[in-house]
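Chain residues, written in single-letter form:
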Amino acid sequence: MADEPKPSQEPESTPPEPKGASPASPPKNDATPAAPPAAKPVAAAPKFPLPVQMPLDNDLVRRYREHFGAAILDALEDRKQPYLVIDSARLSDIARYSRDEEKFDLLEDFTAVDWPRREKRFDLIAILYSFPHNTRLRLKIPVAANEQPGTLSELWPTANWLEREIFDLFGIEFAGHPGLKRILLPDGWQGHPLRKDYDILQQDTAWVRENLGIDSGQ
Amino acid sequence: MQQDASQKDTLLGADELVLNMGPQHPSTHGVLRVKLKLDGERVRGTECVIGYLHRGVEKIAENRTYQQFAPYVDRMDYVAAVSNGLGYCEAVEKLLSVEAPLRARVIRTILTELQRIASHLLWLGTHALDIGALTPLFYCMREREEILKIFEKYCGARLTTHAFRIGGLQYEAYDGFEKDVERFCKDFERRIQEYVTLLTGNSIWIGRTRNVGVLNAADCIALGASGPILRAAGVKWDLRKAQPYAAYDRYQFEIPVGTNGDTYDRYMVRMEEMRQSRLICLQAIENIPEGPIMGKVGKVLKPPPGEIYHSIEAPKGILGYYIVSDGTIQPYRVRIRPPSFINLQALDKMIRGHLVADVVAVIGTLDIVLGEVDR
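Protein chains in written order, with the numbering used here: chain A, 10 to 227; chain B, 351 to 725.
Derived by calculation from the structure, the hints in this document are not laboratory data. Note that the structure is predicted; figures quoted are calculated from it, not measured. Please note that a few of the clues may not be correct.
Claimed, not checked - Pairs of lysine-lysine residues, derived as DSS-like cross-links and limited to a Cα-Cα distance of at most 30 Å, are as follows:
1. B/444 with A/112
2. B/385 with A/190
3. B/385 with A/89
4. B/444 with B/385
5. A/112 with A/89
6. A/129 with B/385
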């Protein structure tokens with residue numbers, strides 16, 4: 010279903026498919042574009058009187074821009090929560106700077122979001138927390154399906170399992186990870202369930218038949 | 351640290367042995383399998399095998415409406431369902447840019463703190479049982495039952511309560527709610543003292559827990575371990591104070607901390623947390639503000655496109671929800687940051703060099719719930 014990528018630069022304007030599997034699924038209205046959180050946010054969402062995403066330009070963002078220039082692709086604020094969109098090539102530099110210089114010492118969470126119609130299919134989301142400043146910052150890292158972003162597990166050991174989970178459920182491989190293998194699903198499983206083109210009822214029937222001796226796990 | 355080790359550990363030395371613990375071992379509190387690499391009685395390395403309880407909660411979320419998904423979060427940490435529900439409801443409220451009315455937030459706070467006590471009681475009873483003290487389990491279950499009765503009277507369910515709704519509460523506090531909470535809290539002070547008598551000064555208990563499974567503050571932060579584990583290492587940090595949510599900014603309470611970051615300190619921290627939760631409940635029932643219990647949210651929830659991250663101090667640590675909306679009635683993505691999953695990763699660091707018998711002590715002190723680890 011999702012194998013019909015449009016050449017457009019703002020592809021999430023039509024919400025991606027497989028929600029159709031649910032009976033409660035609403036008719037999608039293609040006329041009102043959903044705001045792509047990563048791309049151009051301010052102009053979007055005419056339905057809502059106040060734009061919820063605003064460009065952000067404070068001291069913190071300026072320092073990041075000074076250090077990394079064009080690698081900071083965008084700086085935004087969504088419902089008062091700041092996030093930076095950054096170039097995946099500079100991920101480990103920016104992460105190291107965040108931890109050591111800006112004192113974002115806790116990697117609170119690391120996850121991904123799938124946007125199958127976009128040119129760079131995935132967003133990696135790193136949620137950083139600073140104990141000294143009691144603030145959070147999100148890093149959003151667009152990565153292509155065949156790209157291998159660098160691991161964060163050298164900076165934060167907690168990223169070890171989190172990256173394994175992302176690999177397991179999204180199929181993103183991390184370069185330099187010490188033991189990248191599935192963590193929640195069985196090792197021999199085919200497919201990555203949190204991708205949008207993996208249907209809710211889909212499963213690796215061959216694996217289920219072979220290992221559980223039944224036709225379907227449903 | 352531990353990553354490079356986990357690779358080398360697959361190569362066995364001449365004196366080494368691999369022992370499989372679980373997935374049906376009673377002290378793993380669920381279906382956790384730990385592969386232990388042993389040198390005699392010493393643990394030289396571990397590998398956790400998880401996922402036996404994986405139900406794809408995050409995938410389910412993408413195929414349900416915001417309200418339909420709310421009961422599912424109760425099935426993650428099923429011994430602290432109220433806390434899960436609080437985090438989810440508040441996250442969606444933030445996404446909608448609405449706030450629950452004050453009365454609803456105060457009742458939420460009371461129920462969540464009771465849930466924290468219930469969760470800690472279950473932890474205490476089973477943890478003591480694992481180490482060999484049989485008695486506390488019966489006492490703990492007796493007090494936990496009182497809390498579950500309050501939940502049952504409030505919303506009809508004891509474990510997977512679905513107590514809160516997005517925007518506030520569905521049910522008013524029942525007649526005599528304050529009285530029940532007060533009676534429990536008044537009584538509970540004496541009950542904690544009973545556990546203290548049984549355990550705190552007990553030399554077997556001290557012998558089994560002191561200097562076992564030490565995790566210092568720097569390691570806690572590097573490994574993302576939060577909640578009582580972080581506080582036992584001496585970090586005076588609690589999300590209820592750092593970034594207050596619900597109605598916590600209205601009440602006085604202390605953040606207990608330890609010094610050594612060992613199993614005994616974590617025990618002391620959790621015991622003190624129960625006392626503090628009791629104090630919060632007592633303050634809250636004194637004055638539950640009048641007013642509506644449901645905020646202005648529509649029947650059909652369509653949050654503006656965008657994303658939100660909201661986290662709360664669950665009994666086991668930081669419980670976070672990262673929700674992406676595409677403007678439809680179903681979330682585009684829900685990510686749950688489970689404290690148990692991330693805390694469990696610290697097991698390897700904590701157990702190296704200790705004895706096999708300490709493995710059950712350390713798994714117990716991590717206070718994991720496999721429903722939340724695997725989701």
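Hints and how they fare:
no.	hint	result
1	B/444 with A/112	26 Å, holds
2	B/385 with A/190	16 Å, holds
3	B/385 with A/89	44 Å, violated
4	B/444 with B/385	42 Å, violated
5	A/112 with A/89	20 Å, holds
6	A/129 with B/385	38 Å, violated
Checked against the numbered hints given earlier, this structure breaks hints 3, 4, 6; the rest are met.
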